[in-house]
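Taken in order, these protein sequences are the chains called A and B. Each residue of the first sequence is one higher than the last, beginning at 1 in the UniProt record's numbering. Each residue of the second sequence is one higher than the last, beginning at 1 in the UniProt record's numbering.
No lab work stands behind these hints, which were simulated from the structure alone. Since we're looking at a predicted model, the values are computed, not measured. Treat the hints with care, since some could be wrong.
Said to hold, decoys possible - Only some residues are given here: those of chain B computed to face chain A with a beta carbon under 8 Å: (1) D209; (2) R223; (3) V225; (4) A399.
Cβ coordinates follow ideal geometry from the N, Cα and C atoms, glycine included.
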Amino acid sequence: MEALLEPIASLFGAAWPAVWTLAKIVAIIAPLMIAVAYLTYFERKIIGYMQVRIGPNRVGPLGLLQPIADGVKLLLKEVLVPSATSKGLFILGPILAIAPSLAAWAVVPFWDGGVLADVDAGLLFILAITSLEVYGVIIAGWASNSKYPFLGTMRAAAQMVSYELAMGFALICVLMISASLNLSEIVRVQGQGQFADMGLGFLSWNWLPLFPMFVVYLISGIAETNRAPFDVVEGESEIVAGHMVEYSGMTFALFFLAEYANMWLVSILTAILFLGGWLSPVGFLPDGFHWLAIKTSMVVLMFLWARATFPRFRYDHIMRLGWKVFLPVTLFWVLVVAVWIMSPLSIWN
Amino acid sequence: MAEIRNYTINFGPQHPAAHGVLRLVLELSGEVVERADPHIGLLHRGTEKLAETRTWVQSVPYMDRLDYVSMMCNEHAYCLAIERLIGVEVPERGQYIRVMFDEITRILNHLLAIGTHALDIGAMTMVLYTFREREDLMDAYEAVSGARMHAAYYRPGGVYRDLPDQMPQYEASKWKNAETVRQLNENRQGSLLDFLEDFTNRFPKYCDDYETLLTDNRIWKQRTVGIGVVTPEQAKAWGFTGAMLRGSGVAWDLRKKQPYEVYDRLDFDIPVGKEGDCYDRYLVRMEEMRQSNHIIKQCIAWLRKNPGPVITGNHKVAPPSREAMKSNMEELIHHFKLFSEGMHVPEGEVYAAIEHPKGEFGVYAVSDGANKPYRLKLRSPGFAHLAAMDAMAKGHLLADVVAIIGTMDIVFGDVDR
Numbered sequence: 001m002e003a004l005l006e007p008i009a010s011l012f013g014a015a016w017p018a019v020w021t022l023a024k025i026v027a028i029i030a031p032l033m034i035a036v037a038y039l040t041y042f043e044r045k046i047i048g049y050m051q052v053r054i055g056p057n058r059v060g061p062l063g064l065l066q067p068i069a070d071g072v073k074l075l076l077k078e079v080l081v082p083s084a085t086s087k088g089l090f091i092l093g094p095i096l097a098i099a100p101s102l103a104a105w106a107v108v109p110f111w112d113g114g115v116l117a118d119v120d121a122g123l124l125f126i127l128a129i130t131s132l133e134v135y136g137v138i139i140a141g142w143a144s145n146s147k148y149p150f151l152g153t154m155r156a157a158a159q160m161v162s163y164e165l166a167m168g169f170a171l172i173c174v175l176m177i178s179a180s181l182n183l184s185e186i187v188r189v190q191g192q193g194q195f196a197d198m199g200l201g202f203l204s205w206n207w208l209p210l211f212p213m214f215v216v217y218l219i220s221g222i223a224e225t226n227r228a229p230f231d232v233v234e235g236e237s238e239i240v241a242g243h244m245v246e247y248s249g250m251t252f253a254l255f256f257l258a259e260y261a262n263m264w265l266v267s268i269l270t271a272i273l274f275l276g277g278w279l280s281p282v283g284f285l286p287d288g289f290h291w292l293a294i295k296t297s298m299v300v301l302m303f304l305w306a307r308a309t310f311p312r313f314r315y316d317h318i319m320r321l322g323w324k325v326f327l328p329v330t331l332f333w334v335l336v337v338a339v340w341i342m343s344p345l346s347i348w349n
Numbered sequence: 001m002a003e004i005r006n007y008t009i010n011f012g013p014q015h016p017a018a019h020g021v022l023r024l025v026l027e028l029s030g031e032v033v034e035r036a037d038p039h040i041g042l043l044h045r046g047t048e049k050l051a052e053t054r055t056w057v058q059s060v061p062y063m064d065r066l067d068y069v070s071m072m073c074n075e076h077a078y079c080l081a082i083e084r085l086i087g088v089e090v091p092e093r094g095q096y097i098r099v100m101f102d103e104i105t106r107i108l109n110h111l112l113a114i115g116t117h118a119l120d121i122g123a124m125t126m127v128l129y130t131f132r133e134r135e136d137l138m139d140a141y142e143a144v145s146g147a148r149m150h151a152a153y154y155r156p157g158g159v160y161r162d163l164p165d166q167m168p169q170y171e172a173s174k175w176k177n178a179e180t181v182r183q184l185n186e187n188r189q190g191s192l193l194d195f196l197e198d199f200t201n202r203f204p205k206y207c208d209d210y211e212t213l214l215t216d217n218r219i220w221k222q223r224t225v226g227i228g229v230v231t232p233e234q235a236k237a238w239g240f241t242g243a244m245l246r247g248s249g250v251a252w253d254l255r256k257k258q259p260y261e262v263y264d265r266l267d268f269d270i271p272v273g274k275e276g277d278c279y280d281r282y283l284v285r286m287e288e289m290r291q292s293n294h295i296i297k298q299c300i301a302w303l304r305k306n307p308g309p310v311i312t313g314n315h316k317v318a319p320p321s322r323e324a325m326k327s328n329m330e331e332l333i334h335h336f337k338l339f340s341e342g343m344h345v346p347e348g349e350v351y352a353a354i355e356h357p358k359g360e361f362g363v364y365a366v367s368d369g370a371n372k373p374y375r376l377k378l379r380s381p382g383f384a385h386l387a388a389m390d391a392m393a394k395g396h397l398l399a400d401v402v403a404i405i406g407t408m409d410i411v412f413g414d415v416d417r
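Using the sequences and the hints given, assemble the complete structure.
Shown next as structure tokens:
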């Protein structure tokens, strides 16, 4: 590979590392955007079948061109900026929403070594970047200078911050047993252990010893991405679309893309942190990216399934769940795991 | 110090949970509702006034458009009022058909009510499930009247025509191939009664499905238990009727208390709630659907055994058969008079009320002996329910307002008239 790229590298001279990195970024973002577009399609299809209907089936064969049509429609629509808004912030809002949800992918390992930035503080980077997302929502709601977005913003600020705590503590458990913040390292650690030696790798992954954390992380993930049943931020039947009420065209599409990119991100992180990333579940099958893709898709499917099944939480119930249930549970489990690691019963030596 | 003011928002009329055109001016303190001020009239069509300029029969289709999710029940109250003024007797078969379609309508209405209530609370799958069943009942409407919604099937003196011996069939098209069409038509091979019997056999299973989705769901309970509590005293004072009243534990049902048509001959129960909250009202509606299903079964059994006329033979009220009209001078005159001048209703006034799916739907009619009503006053249940919005929503969160609108089962055709 290196030898193959040598002539091209010399062509760019000193600018090569930048060009090469850009190429890699495109190689991640382009498939991601396609995945996001088709996630909307699959969501509509899958929820459609769950709801005894068909879902999109008019645009292209089986409706497969529907996301393209939606994208074109949103691109061509006028970006309305209501006169009472704070213009600069109004535009900045959606940008701030989508930027972190794309930036976080920099440290996500797709296979062994297949990562844009193999940094040691990868997990920390993810936490830091995803925390920024709430600013997009807050700024959008505030800049809209409108009542429903403002309510949505207040809800978003409280909800996303609360669940970040629970999520953070769940991740602390993971990093304690992995003894690393590097996402690739976290996956590799899951490939070791008694069960992995027996060829039953899937029992060595973090989901089993950290099962409560796995559940908390999954639910917090749904809450973090503002998906049903935690979608009070945009709560269709309550505050119409929350912070997105005043947005149209591409500015709206950016929020939409950010939401779905976040769904993928949370799912892939669940797969990496708890479900062994690219590792094969059984010894006799080779590891690889396809395992990560399958696991991630399963988690995304859970998201959709939950959306089709549950009623929406009320805002104060979400807060109660976050602060009074998840936080104590995760804190307690951090303690349990800490004691477990130091005890002779530890399985992570 | 800055002055602290409440936050006033306009909830509707363009709002996903406004159930049509409800405009609710909410005064919020944070998300807590301080005052909920419903503004009505956005769907006012002046039905009462319009009726004064139409012959008695011409107003029947207007009744469909009042509460447009329980069409035949509205017609029923109106026809009942006219019949009481004239003193005409409805043939027994006509009464059974009316009762059967009243109960079909009740199921239609409650399916929509529960479906949209769940949709408002965020369980969007429910509404699509309930619409699947509504489809079958709409087909029954269509088979009997030709229209899926605005049936105009009940007439003073009975119902327009007897139940059809065959169901309309699906036809193969670009989107439905022969195999799909065959499956869709499977339970449509027999008469309307066969089709309905098949439905009544399937329906309890569907109710169980809904209950697995909602009844024990923790989120659903968190959202409905203790929300919008109405005590029995309050419910009576506010003029609540129907599920809203029974949810508070008052066993008041016109079908039992002031039986009309053949309800006194049928076996059914009146479910009542205990707490008077949204959850109890949901349970009451759920059970009412099962009871309605039971009533429909009894009606089907009776209708199978007892053929006969479905509309009165008094041709001053109901038109003669087409055949008789073509061959008989007197019938021709009746026909001409009925469809031009319309019938004359004796002088007097009457109040006729039925147990509409939403509550007591009453028609107060004053006749001066002309071919038109002198005055028509409609008593719609939704109006009284909506009036309690402020009292029910006060102190609750914004999200609960949505649950309360859902539990009231508001339809604006009914409220605004």
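Now the hints, each set against the structure:
Of the supplied interface hints, the one on D209/B is violated, with its beta-carbon coming no nearer than about 11 Å to a beta-carbon of chain A, more than 8 Å. Interface hint status for R223/B: upheld, as the beta-carbon distance to the closest one in chain A is roughly 6 Å, under 8 Å. Restraint check, V225/B versus chain A: the minimum CB separation of about 12 Å is more than 8 Å; hint violated. Interface restraint check: A399/B against chain A, minimum CB-CB distance 5 Å, threshold 8 Å, status holds.
In this structure, the earlier hints numbered 1, 3 are contradicted, and the remaining ones agree with it.
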